[in-house]
Structures are given as structure tokens and as C-alpha cells.
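Novice: Sequence:
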Amino acid sequence: MSIRPVLLVLSAILVLAASCSSYSLVRYDGGLGDVRSVAIVTPHNDSYEPGIEYVVADALRREFLRRRGVKLVQNQDAADLVIQGRVLSIRSRARSFSSVIQALEYEITLNVELLAKLSDGTEISIDARATRETERYLASADVEVQRKNRQEALREVSRLVAGRVYDALYESLVR
442 MSIRPVLLVL SAILVLAASC SSYSLVRYDG GLGDVRSVAI VTPHNDSYEP GIEYVVADAL
502 RREFLRRRGV KLVQNQDAAD LVIQGRVLSI RSRARSFSSV IQALEYEITL NVELLAKLSD
562 GTEISIDARA TRETERYLAS ADVEVQRKNR QEALREVSRL VAGRVYDALY ESLVR
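When you line the sequence shown up against my numbering, it's residues 442 to 616, in that order.
In case anyone wonders, no lab produced these hints; they're calculated from the structure.
The structure presented is a predicted model; accordingly, all values stated were derived computationally and were not measured.
A few of these clues could be false.
Claimed, not checked - With beta-carbon atoms standing in for the labels, derived distance ranges:
id : residue 1 : residue 2 : range
1  : 563       : 540       : 21 to 29 Å
2  : 548       : 487       : 33 to 41 Å
3  : 475       : 455       : 47 to 55 Å
As the list claims (entries may be wrong) - With a cut-off of at most 20 Å between alpha-carbon atoms, the simulated DMTMM-like pairs for lysine to aspartate or glutamate come out as follows:
id : residue 1 : residue 2
4  : 589       : 548
5  : 558       : 518
6  : 512       : 608
7  : 589       : 499
By construction, the Cβ of each residue, glycine as well, lies at the ideal position given by its N, Cα and C atoms.
My request is simple: use the sequences and hints to build the entire structure.
Specialist: This is how it looks when you write it as C-alpha cells:
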């Protein structure tokens, strides 16, 4: 028995199984419907963390560039969509401890309030759950290592929030 008929039968079974399942491929082109250009205004910093507004703005810009669905522009008047807002708070606390009551891990929570506005003035609400994220990072006796771990955690929560913001906008504008 040759291998060719076996491969043909297996291919037919695979195609039949895929076509009979309830799963389907979702078409996602990365775009935001009719929105072709986006301006991201650096959010106002209402927290006590210096420079976090730039980290959040950078994460948003990187996410929009990564998805490749829209063009980022500087001029708010030329944009189809403007995103602006503020960093409400950064909360950090010890999360796990050693047997001698030393912190082993910290947890940092970023809370951001963002507003998206179309060029015609229509406001698009972004769910508050999409703009809040928590991440753990390791404690260290070395102050510089501790600072670096905290900064990495802040970048990560900003990246996660940015991804959720894009997804929320996609849900609002495309579907």
C-alpha cells in the first residue's frame, strides 16, 4: 500500500472535520473601522510617580503601531480619533513575605482614565476595567535592581492596558 492514498484520505478527513466544526476564522485586519488616523495625547499625571505619563503614552503608541491598522499623527485636528486622559494612580504594596518578614514580591497597580473622541465629536467610552492592571515584581536588597524591577512592571502594566484599550476601541468601532 502506498503512502499517497493514505495522505489523501487523511487530508479529506481533516478538511471535513474543519468544515463541520463550529469554529471559524475571524477576519482581523487591525484597523478601527473608518478610523484611519489616531492622535495620542500624553496623559496628565495625577499620580505621584514621575514620568509614568510618558510610559503610558509610549505603550499606547507602540500598541497602535504594532497593530498596523491606523496611522499615528501629531496634529489632533487632522486625526480621525484622539485619545487623551490621565494616570489616576499607581499603587505599590508588598505581596509576599519570607519567614523573617521581609518582602519577597511587590505588586504594582496602574489605574488610567482614557477618553477617545472621534473627529465629529462623538465620545467613545473605554471600560474602566480595561484601563486598570496589576503586576508583581521581585523585591531585592539592591536598590538599583529593585528600581529596575519596578520600572519593568510599570512598562508591562502599561503595555497590557494599551492592548486592552485598542481591543475596546476595536469592539466599539468595528462591531
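Novice: Run every hint past the structure and note whether it holds.
Specialist: Against the structure, the hints:
Hint check: residue 563 to residue 540, Cβ distance near 56 Å, so the stated range 21 to 29 Å is violated. Here the CB-CB span from residue 548 to residue 487 is close to 20 Å, at odds with the stated 33 to 41 Å. Remark: the range hint 47 to 55 Å for residue 475 to residue 455 is contradicted by a beta-carbon distance near 38 Å. For a cut-off of 20 Å, the pair hint linking residue 589 to residue 548 stands: about 14 Å separates their Cα positions.
Between residue 558 and residue 518, the direct Cα distance comes to roughly 11 Å. Compliance with the 20 Å bound is thereby established for this hinted pair. Taking the CA atoms of residue 512 and residue 608, the gap is near 16 Å; set against the 20 Å cutoff, the hint holds. The straight-line distance between the Cα atoms of residue 589 and residue 499 is roughly 18 Å, inside the 20 Å bound, and the hint therefore holds.
The structure fails hints 1, 2 and 3 (numbered hints given earlier, in ascending order).
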